[in-house]
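2 protein chains.
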Amino acid sequence: MPAFGFRVRVTDGAARLGECQTAHGVVQTPAFVPVGTQGAVKAIRHRDLEEAGAEIVLANTYHLLLRPGDELIARRGGLHRFIGWARPILTDSGGFQVFSLAQRVLITEEGADFRSHLDGSRYLLTPERATDIQARLGADIAMVLDQCLAFPASREAAAVSTARSARWGQRCRRRLAELRSRPVAGVAVSNREQAQFGIIQGGVYQDLRDESADATVAIGFEGYAIGGLSVGEPSDRMYAVAGDTARRLPADRPRYLMGAGTPEDLVECVARGIDMFDCVLPTRNARNGQLFTSEGRVNIKSARYAEDDAPLDPRCGCYTCRHHSRAYLRHLYVAGEMTAGALNTLHNLSFYLDTMRRIRDAIAFRTFDRFRQEFLRSASSLSLDS
Amino acid sequence: MPAFGFRVRVTDGAARLGECQTAHGVVQTPAFVPVGTQGAVKAIRHRDLEEAGAEIVLANTYHLLLRPGDELIARRGGLHRFIGWARPILTDSGGFQVFSLAQRVLITEEGADFRSHLDGSRYLLTPERATDIQARLGADIAMVLDQCLAFPASREAAAVSTARSARWGQRCRRRLAELRSRPVAGVAVSNREQAQFGIIQGGVYQDLRDESADATVAIGFEGYAIGGLSVGEPSDRMYAVAGDTARRLPADRPRYLMGAGTPEDLVECVARGIDMFDCVLPTRNARNGQLFTSEGRVNIKSARYAEDDAPLDPRCGCYTCRHHSRAYLRHLYVAGEMTAGALNTLHNLSFYLDTMRRIRDAIAFRTFDRFRQEFLRSASSLSLDS
Chain S
1 MPAFGFRVRV TDGAARLGEC QTAHGVVQTP AFVPVGTQGA VKAIRHRDLE
51 EAGAEIVLAN TYHLLLRPGD ELIARRGGLH RFIGWARPIL TDSGGFQVFS
101 LAQRVLITEE GADFRSHLDG SRYLLTPERA TDIQARLGAD IAMVLDQCLA
151 FPASREAAAV STARSARWGQ RCRRRLAELR SRPVAGVAVS NREQAQFGII
201 QGGVYQDLRD ESADATVAIG FEGYAIGGLS VGEPSDRMYA VAGDTARRLP
251 ADRPRYLMGA GTPEDLVECV ARGIDMFDCV LPTRNARNGQ LFTSEGRVNI
301 KSARYAEDDA PLDPRCGCYT CRHHSRAYLR HLYVAGEMTA GALNTLHNLS
351 FYLDTMRRIR DAIAFRTFDR FRQEFLRSAS SLSLDS
Chain A
1 MPAFGFRVRV TDGAARLGEC QTAHGVVQTP AFVPVGTQGA VKAIRHRDLE
51 EAGAEIVLAN TYHLLLRPGD ELIARRGGLH RFIGWARPIL TDSGGFQVFS
101 LAQRVLITEE GADFRSHLDG SRYLLTPERA TDIQARLGAD IAMVLDQCLA
151 FPASREAAAV STARSARWGQ RCRRRLAELR SRPVAGVAVS NREQAQFGII
201 QGGVYQDLRD ESADATVAIG FEGYAIGGLS VGEPSDRMYA VAGDTARRLP
251 ADRPRYLMGA GTPEDLVECV ARGIDMFDCV LPTRNARNGQ LFTSEGRVNI
301 KSARYAEDDA PLDPRCGCYT CRHHSRAYLR HLYVAGEMTA GALNTLHNLS
351 FYLDTMRRIR DAIAFRTFDR FRQEFLRSAS SLSLDS
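Top line first, the protein sequences correspond to chains S and A.
Be aware that the first sequence starts at 1, since it is given in our numbering, and climbs by one per residue.
Be aware that the second sequence starts at 1, since it is given in our numbering, and climbs by one per residue.
Chain S extracted, bound-state conformation (with noise of 0.2 angstroms):
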């Protein structure tokens, strides 16, 4: 067994306060992983990313499989040395992405074959390849393979994609045995300590979140992700999806929810027992001037902010709320500045890990089920600018 593990320290009511170890660090859970699609958390740094207190990263298996290559990555020693960023990262299967970028693509029972959308080369994802793609690349949680459903669905095709993702995260899992027990020709394992996480599927149609959790968990992974939410159905179905879900998993084994979503979502979804997310929101947000603050939302080429002296968020610790004013950040915006991305990025991903930091907290006193009442009750859902 590789030395990945989790423990819950305290629960409150469903919420779990927990770690993950890993073979590159401890990650505090509930955590919110920031998204570093091509290996980089769009416009900060990695130190940036350090000081807003991520603790993990995740980076997308397709987009590196397609630039700069998963082979080239491993020749570096593996992700971690090639981007120069010694703290956990998650990768994510490819899957996603092949359904919601690639072109021409075609699922079969074998894979997902597919050109890229950048030169319209062609890749064939199996469950196989995608396990050995992020071998190479030595994320410390790597995914299953699954087949992606859009919503709405109906119950015929979330059943047949659903049996279709346990057949696929099970041919991933014996790939990955195979990974660990003996060298495989071609393929360069860059972190020994990888764990596996499977992915629960079934939409919105909880028998079939609860056959696949019993399939998933059967197969049995070092973690358990619920995928195919946070993609258009209604945020109550997603959280009562959510909460039965994990209630079905194993206790002893973290629960991520694979992108989401609103602050609200965070809350929500850790009130229902999940450990772990992962979201685009906080930084394609930032990079449109759509700013989550203590106050509300504020959308930061607004002109009312065009005088405005105030700190983006008086509540806020970050470097841009300690530095600037919305009046400058509002003429970066409109001006164009590539500056603007930077500082609203480090303002927002701050904005999440701080919240995950008072939900710890708050779990840890065992009072989160008043902060949740209180989050929710606050203005941080509100748009400032209406």
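Read the hints as simulated data drawn from the structure, not as lab findings.
Here the structure is a predicted model, which is why all the values come from computation and not from measurement.
Be a bit skeptical, because a hint or two may be false.
Because identical chains share one entry, a pair is satisfied inside a single copy or across any pair of copies.
To be verified - The calculated lysine to aspartate or glutamate pairs, modelled on DMTMM-like cross-linking and capped at a C-alpha distance of 25 angstroms, are:
(1) Lys301 <-> Glu337
(2) Lys301 <-> Glu50
(3) Lys301 <-> Glu264
(4) Lys301 <-> Glu178
(5) Lys301 <-> Glu193
(6) Lys301 <-> Asp207
(7) Lys301 <-> Glu222
For this one, chain S is given, so just place chain A on it according to the hints.
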């Protein structure tokens, strides 16, 4: 007389080691002034700039006049407060950008009538207005409005524009004296200790340069700039004009060569008595993947760096060189990541500012000539890619 002061501490041949005292602190000379066009050095944050060793930054009056406007900045308490930079700032007069960026420019003795390249709105920039605008911005060093000249220009054209620049310089000086002596309705002065530099014109005609220098010195400014060089003339011509002009200027005032240049230009012009430089080269080239290193120039997108695990410049101590390999920098550049712009800018500015530090050390030890010979013999000016 304002608190602005300049002191030459050591001379070594024509090279001078000095310091410029301003209301926002000291600038050691010879100094390189990074360009922060719209109130931000593109792609990086103020803190990065400070860490690279920048003691002063340049902001462009033309850009700030158009957006967000000099009056808005005055209401924020001036440029230092607005952009959150507590160290010295230099602003140009706006003239150069009017000639290079604005639309439908009409120059008369009164000033420059033009339309914004952003929205076509009309402005009249006179010497008095250029002075007022810079008073509102409140930089530590303001520049007079001069009439720029393209290269090559006939002697006749150069003579006309040089004579006009002298008259404009006189009007700028008179206006500043007015602003210093009494409150002027509609002009909020953001920095009572602002210095004003005159600008010597004359193209590549040394007799015109001499006339311009004498006329400008006769008006009397806190410092003197040499304008209209580094616009396409051969390097040796630029060095000769800069040197001959510098010699004609008072020894107790700073000499600023506007818009130059390459690392070699800096060394050659320090050797001829120049104290200050500004140039977009390190920052613009960085964003285009053109990097300066102690081993030569690097075009980071070249395929030869795809698997190069060495730092960009093994002799450089900047964040980029301490943390990342050429392979990663190439990946970020090729993948179009904004972070590439940030990391490359940080490195190029560090290279420039470090070169200035080495220049100052060499003058302090009176070994500047040896430094200069070695610098020019070294690989710095060669391309590593060819």
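Results for each hint:
1. In the homo-oligomer, the alpha carbons of lysine 301 and glutamate 337 lie at most 25 angstroms apart both inside one protomer (13 angstroms) and across protomers (23 angstroms), since each shortest distance falls under that limit.
2. When the C-alpha separation of lysine 301 and glutamate 50 is checked against a cutoff of 25 angstroms, the pair qualifies neither within a copy, at 28 angstroms, nor between copies, at 27 angstroms.
3. Within a single copy, lysine 301 and glutamate 264 get their C-alpha atoms as close as 24 angstroms, which meets the 25 angstroms cut-off; across copies the closest is 42 angstroms, which misses it.
4. When the C-alpha separation of lysine 301 and glutamate 178 is checked against a cutoff of 25 angstroms, the pair qualifies neither within a copy, at 53 angstroms, nor between copies, at 38 angstroms.
5. With identical chains, the CA atoms of lysine 301 and glutamate 193 are never at most 25 angstroms apart, being 46 angstroms at best within one copy and 34 angstroms at best between copies.
6. In the homo-oligomer, the alpha carbons of lysine 301 and aspartate 207 never lie at most 25 angstroms apart, since the shortest distance is 45 angstroms inside one protomer and 52 angstroms across protomers.
7. Taking the closest pair of Cα atoms, lysine 301 and glutamate 222 never come within 25 angstroms of each other, the shortest separation being 44 angstroms inside a single copy and 39 angstroms across copies.
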